[in-house]
Structure formats: C-alpha cells, structure tokens
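Colleague: Sequence:
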Amino acid sequence: MTTELLEGCTGVLVLSDGTVYQGLGCGATGEALGEVCFNTAMTGYQEILTDPSYMEQIIAFTFPHVGNVGVNADDVEQLGNDPKRAAKGAIFRDAPTPPANWRSTLSFNDWLVSRGVVGLSGIDTRSLTKKIREHGMPHGVIAHSPSGVFDLEALKAKAREWKGLGGLDLAIDATVTQSAAYTTDLWQWPQGFSDGTKKEFKVVVIDYGVKQNILRALVDIGAEVQIVPAKTSAEDILARKPDGVLLSNGPGDPAATGEYAVPVIQKLVKSGVPVFGICLGHQMLGIALGGKTIKMSQGHHGANHPVKDETTGKVEIVSMNHGFAIDRDSLPEGVVETHISLFDGSNCGIAMTGKPVFSVQHHPEASPGPVDSLYLFERFAQNMRNAKVSA
1 MTTELLEGCT GVLVLSDGTV YQGLGCGATG EALGEVCFNT AMTGYQEILT DPSYMEQIIA
61 FTFPHVGNVG VNADDVEQLG NDPKRAAKGA IFRDAPTPPA NWRSTLSFND WLVSRGVVGL
121 SGIDTRSLTK KIREHGMPHG VIAHSPSGVF DLEALKAKAR EWKGLGGLDL AIDATVTQSA
181 AYTTDLWQWP QGFSDGTKKE FKVVVIDYGV KQNILRALVD IGAEVQIVPA KTSAEDILAR
241 KPDGVLLSNG PGDPAATGEY AVPVIQKLVK SGVPVFGICL GHQMLGIALG GKTIKMSQGH
301 HGANHPVKDE TTGKVEIVSM NHGFAIDRDS LPEGVVETHI SLFDGSNCGI AMTGKPVFSV
361 QHHPEASPGP VDSLYLFERF AQNMRNAKVS A
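Mind the numbering: the sequence shown is residues 1 to 391 in UniProt numbering, read in order.
Hint data in this document are derived by calculation from the structure and do not stem from the laboratory.
Among the hints, erroneous ones may be present.
[As the list claims (entries may be wrong)] Restricting the straight-line Cα-Cα distance to at most 27 Å, the calculated cross-link-like pairs of lysine-lysine (DSS-like) are:
no., residue 1, residue 2
1, 198, 158
2, 158, 295
3, 231, 295
4, 292, 231
Taking the hints into account, I'd like the entire structure generated from these sequences.
Modeller: Written out as structure tokens, the structure is:
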C-alpha cells in the first residue's frame, strides 16, 4: 500500500477520473463512496442531508456558508434515525461555522460526526460544480483523516470500480419495514409541529424513501395518513379502502425499483383510486403508464428551480432532487405532460387524460425551498373529493 502525506490537508475528494481535491476534513473520519452531485439551495442543509433520496450520494453545497443555524430535531426529513438512509458525504467551500440560532440544539459538525457523515471543506466548490455541469455526476470517494495520510491510488481505484446508481434499487433499503400512521401537521409559527385535526380523507403512502414534509402536507389537507412498505401489494392497499394513494420520493434507479412497484401501481390506476406521485413516484408512474426513464447528466438538486405548470401557465420556483427523469418522447397516448423545467426543458409532470392520476418530478412539499407548488396537494385533495362524489 502506497500512502501519501498531504501537508496541511486532512480531507480529500477523489474522483473516478483521477482528479483529487485537497481540503480540510470535518464531520466523521473515514471514507464514503458515492455519486457526487451539487445542490444550489441557500438554506436547509439539515433537511437536504436527511432526505432519503440522497442515499449513495455525496453532496457538494454551492452556497459557501454552511452550519450557521446548527441542527435540531424538527428539521430531519427521513423517517427514523438510520443515517444510512440518507447522504453519505458533504462538501463545503468554508469550514462549518458555529451555530447561532435559537432553534439549534447541536453544532452541525458534531451532528455530522454523530451520523457518520464524512465532510470536506476548503476546496474550490465552484470548480467542482463546473466539472459536474460539463461532464456529469462523477463517482467519487470523500475521505477524512486527521493525520493527513491517504492512499490516493486506492481511493481512485474505489471510485473507478464503483458501478453507480444505474440499475440500483435503493428504495428497498429506504422504506419502512411495517405499516404505520402519521399524524403531524405542517410546521407553524410559533408553536412548531402539532397533530392534525381534519380527517376528510384516508391516504395510503407507498414509502420508497418518503420525506416527512410530504406526510405533513397530506395531514394538512385533512388526510388520515397510513404509510406502507415499498413492496406492499395492490390488494393490501385497496383493502384499506383509501380515498387516494401517494407514491413517494426515494433513491435509486426507478426502473430497478419499478420491477416490483410498477405492477402494483398499474393495478392501483386501474382501480380508479386517485393517485399522486412525487419524484421517484412520478418516474415509476410514468413507467407504469407506458413511458421510460433516463439517467440525467448532472441532475437537478436545489431549492430554486423554475418550472412551468402547463395546465395553468403559471411559473413556479420549486425544490428539486433527482438524477433520473421521464423521457417525454416515450409517453403514450392518454398521458399528457403537465410541467416542464425552464432550465433544460426536461419533463417535470404528467397526468392521465380522464382519470384522477397525476405526478410531478419536483417536490411540492419543499423543505427546504419555496411553497409555490404546495397547491398540488390541494389538487390531490380535490381529486379525492370528486371521486367520493362520483362513487
């Protein structure tokens, strides 16, 4: 084994093409292997790093100052506390700053250590972002060693030999293991979270790696929420007599997860129950309706993406986090495109003609991000009301 002592350096990012970024390690010591992407959000680093959609990924934050609001128990997006069900590594331009916020209960760096997330600061994140924009999301290893000793050739080999997210079903690792109810409403000033009181609908959420704010948004529209594991059968879901079914976000390749999820979704659509898909759920609904998905070069990750709702003509600023997308050219007759990205024109929404079935690529629940597209939950609610009337 050949090791190198890098003077003044305690952290590195090594990419599969052999590129090495040297900086200062933070968070947990050790190594993390994954796909490297960048996120352009200016706020919400805790929510981003606890989003299960980031499993097997290393996130480079383009906003330079991270850590200033610390962390707290409320801003965790994953269900449960398993850190393996979220991002593996994090990269910052500046070293994480001490917390200065009344909601903070722990410093960001200590929190990274507690979760085993390897961090790296002090590198040129603009250079890394430009590299990803021009060449796509690379495979990489982030490493933190207080000694400054690294086996760079071994790290390069690990990055080079990793097979990546293509063909990888991660939803099976992100999902809950048993059914559960969820009752928490959206965060409100000044009381924070509380249990929802409206009970107008029963919604079953198929959990492929769901974010808690999706569940809160459902409670907010008056849903009694039941979460079920990713491999739950359509028969079991319909036996619960739901007014609607939500297909959640999640990590990995939609085609791989779709091997067991798509037949279930097709049966749900055929039953006539209103269906709403978000992110991974959107992609798998597209596959279930006859479309195909593609791997994106750099993906969309941030809280500031412009999307146009073709049904209203409205342009919204939305939160996004995805590395796969529906190929619009593959959409069959009877499925219409409802939303498009104004950054690159990629598909961001579909709906079935004549059926209460629709989905979006972006995250209407945000967290972090704007609430421009929160109305989509009300659209789902109206579909469920209409279905009740016609039943």
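Colleague: Next, verify each hint and record whether it holds.
Modeller: Hint by hint, here is what the structure shows:
Proximity of residue 198 to residue 158 is assessed by CA-CA distance (about 51 Å); at most 27 Å being required, the pair is judged violated. The hinted pair formed by residue 158 and residue 295 meets the criterion: a straight-line CA distance of about 22 Å does not exceed 27 Å. With a C-alpha separation of about 24 Å, the suggested pairing of residue 231 with residue 295 holds against the 27 Å cut-off. This hinted pair checks out: residue 292 and residue 231 have alpha carbons roughly 21 Å apart, not beyond 27 Å.
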